[in-house]
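Build the full structure now, drawing on both the sequences and the hints.
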Amino acid sequence: MSTGFGVLEWEKFLQDLQVFKKLPWKDTEWTLEDHTDMFPNIKLPGLIFLKTKKWVLPENKKCEQNLTTNLQESKVGKKFDNEEEEKEEEKEKEKEKEKDEDEDDEDEEEKEEEEEILETFSDLDEEEIEDQNTYYQTPLSIEYHILYSSTYSCPVLYFNAYRSDGRTLSQTEIWEIIPQKYRKEFEKETNFHFISRKEHPLLELPFFFVHPCNTSRFMQNYYKTKNYLLSWFSVIGPAVGVKVPSILFTHL
Amino acid sequence: MERTIVHINTENWACYIPIIINLPSKYTTQLQTPFRPLFMSVPRSSYLYFEKEKIFNHFEPVLKELEINNKNFYLQFNSEPVRWNAPTGVFFDMVCKSTNHPEKMPMNLQINFEKVPKKFIEFENETEFYNYYASTFKESCFLLSKSATITQKITENIMANIWNGLKNLSFDEYKRSVQPLEIKYYEQPSLAIRIFLNKQCIQKPIKPINQETEELITLLDIFKNLQLVENGKTVPMTYLIQGITPPLNTPLAFLSASCSHPDGFLYLIITTLN
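So the sequence lines, in the order shown, correspond to chains A and B.
So for the first sequence, numbering that gives the first Met the number 0 puts the first residue at 0; every next one is plus one.
So for the second sequence, numbering that gives the first Met the number 0 puts the first residue at 0; every next one is plus one.
For the record, the hints were derived by calculation from the structure and aren't laboratory data.
Some clues are possibly wrong.
[What the hints assert, rightly or not] Straight-line alpha carbon distances no greater than 27 Å define the calculated DSS-like cross-link-like pairs of lysine-lysine that follow: (1) B:Lys145 with B:Lys183; (2) B:Lys114 with A:Lys197; (3) A:Lys197 with B:Lys206; (4) B:Lys70 with B:Lys25; (5) B:Lys152 with B:Lys70; (6) B:Lys25 with A:Lys197; (7) A:Lys21 with B:Lys206; (8) B:Lys145 with A:Lys11; (9) A:Lys11 with B:Lys203; (10) A:Lys197 with B:Lys118; (11) A:Lys197 with B:Lys145.
Here the structure is a predicted model, which means the values were calculated and not measured.
If you want it as structure tokens, here you go:
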């Protein structure tokens with residue numbers, strides 16, 4: 000394997016992953032799914048991933064202000080803030096799901112979430128509701144997967160964003176979830192230095208990923224970290240719209 | 000040696016695969032005018048994506064007659080969808096040449112205008128495809144040099160030149176564009192190789208030199224690594240690199256230098272006959 004600073008060897012990745020999973024995710028707005036046992040028969044490094052999922056509203060929409068204030072007051076807003084309890088429930092649910100291999104539960108959950116979000120729209124005028132129901136203003140569900148790249152010997156972040164009707168975002172639309180300040184930075188160069196589309200190595204579905212070629216370079220600054228994965232996630236996350244909760248760092 | 004490698008590369012880049020693109024019967028039964036299938040010769044080293052416009056133009060009159068408004072289409076070989084992101088030769092070797100299918104030439108494809116399967120990467124425009132190709136090329140360069148600085152060497156200009164070399168199907172242009180990156184095939188830390196074992200893609204870093212014996216890794220060593228060798232002989236299987244079956248004792252470093260695709264990877268397609 001490659002030697003050098005800033006890389007993460009496979010065994011160390013597995014160790015860091017265990018610690019990463021045990022962090023207080025339930026205290027945050029994130030849910031965490033562990034798919035490490037997806038391919039028990041194939042013994043290649045990288046065949047595991049963690050999945051997080053959340054509902055977000057696109058940043059750059061005009062009516063966003065109305066929606067966010069309404070949501071904060073409603074049940075759904077609380078869901079974003081108190082994901083501890085949610086995470087415990089979801090973790091248990093996920094375990095059951097993995098046993099049953101039943102995807103219907105997930106769909107139902109998503110429908111429930113959607114219904115709750117739609118409930119808030121009743122506070123708005125009819126015209127505004129019609130506006131909100133237009134395609135680009137529906138909430139997005141974003142999944143982040145953490146995989147390991149044996150080419151670059153470092154973790155790699157795959158992600159996908161879905162509209163409420165299940166449709167995935169295209170390469171031009173995916174910039175909606177990238178924070179404004181990073182967009183200008185990366186619009187200078189062609190996209191292949193930052194985000195590209197690729198087949199998910201395990202699921203074989205089209206996913207976006209953050210190119211890992213610079214990971215070892217910036218991770219050299221974090222050689223004193225107790226958990227490579229968390230440091231890496233806290234650097235790369237904000238660039239793709241992830242606000243890594245600070246409570247996770249206090250538990251290391 | 001250098002001349003041999005250049006010669007083999009030039010030959011690979013000059014290979015063409017004949018294909019026919021047909022309409023499935025569900026469409027032809029509805030047509031009033033007789034329909035002529037599309038005959039094409041596509042380069043083995045390139046991508047079918049570049050022919051997309053030509054294919055669409057040929058079928059446009061049919062679409063108008065059938066009143067289909069969908070501009071997106073996909074191609075199928077039997078029931079296997081053609082992936083736009085795989086080099087044509089790789090796909091052909093994997094589904095056509097490896098099998099016991101009696102009629103291997105021309106490759107008979109069917110076009111479909113209905114909903115594209117979910118497992119399909121759809122490139123909306125050429126820029127997206129360019130980004131995909133560029134990130135694959137960068138990955139192969141990184142594997143071949145194992146230095147983070149190589150990615151900084153691949154500037155936009157260099158990448159654009161490489162892309163033009165690919166589009167013009169000129170190995171000379173491609174080679175000149177890659178020259179500044181100074182990739183040395185026999186001294187590389189690892190090989191850029193993608194192995195398709197029964198259509199499943201395996202990509203792992205493999206060193207070109209066996210560290211214990213200090214000999215070059217051969218195809219037989221790879222097969223041993225994949226547990227395809229029993230009692231000193233390979234299990235019943237076919238393997239193809241650029242459509243040919245090199246001898247088992249061929250060093251992989253040599254194959255990597257001479258038979259890699261324009262995206263920098265050497266594709267080894269293995270089909271076990273069980």
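A quick look at each hint next to the structure:
1. Between B:Lys145 and B:Lys183 the CA atoms are separated by roughly 12 Å; this keeps the pair inside 27 Å, and the hint holds.
2. At roughly 20 Å between alpha-carbon atoms, B:Lys114 and A:Lys197 fall within 27 Å of each other, so this suggested pair holds.
3. The suggested pairing of A:Lys197 with B:Lys206 holds, with an alpha-carbon distance near 25 Å, which does not exceed 27 Å.
4. Our distance criterion of 27 Å between C-alpha atoms is met by B:Lys70 and B:Lys25, whose separation comes to about 18 Å.
5. Restraint check: the Cα-Cα separation between B:Lys152 and B:Lys70 comes to about 38 Å, which exceeds 27 Å; the hinted pair is violated.
6. With a C-alpha separation of about 32 Å, the suggested pair B:Lys25 and A:Lys197 falls outside the 27 Å cut-off, and the hint is violated.
7. Distance restraint check for A:Lys21 and B:Lys206: the Cα-Cα separation of roughly 36 Å exceeds the 27 Å cut-off, and the hinted pair is therefore not satisfied.
8. About 20 Å separates the Cα atoms of B:Lys145 and A:Lys11, which keeps this hinted pair within 27 Å; it holds.
9. Taken as a hint, the A:Lys11 and B:Lys203 pair is honoured in the structure, with Cα atoms around 18 Å apart against an allowance of 27 Å.
10. A C-alpha spacing of about 11 Å is found between A:Lys197 and B:Lys118, which places the hinted pair at or below 27 Å, so the restraint holds.
11. Our distance criterion of 27 Å between C-alpha atoms is met by A:Lys197 and B:Lys145, whose separation comes to about 21 Å.
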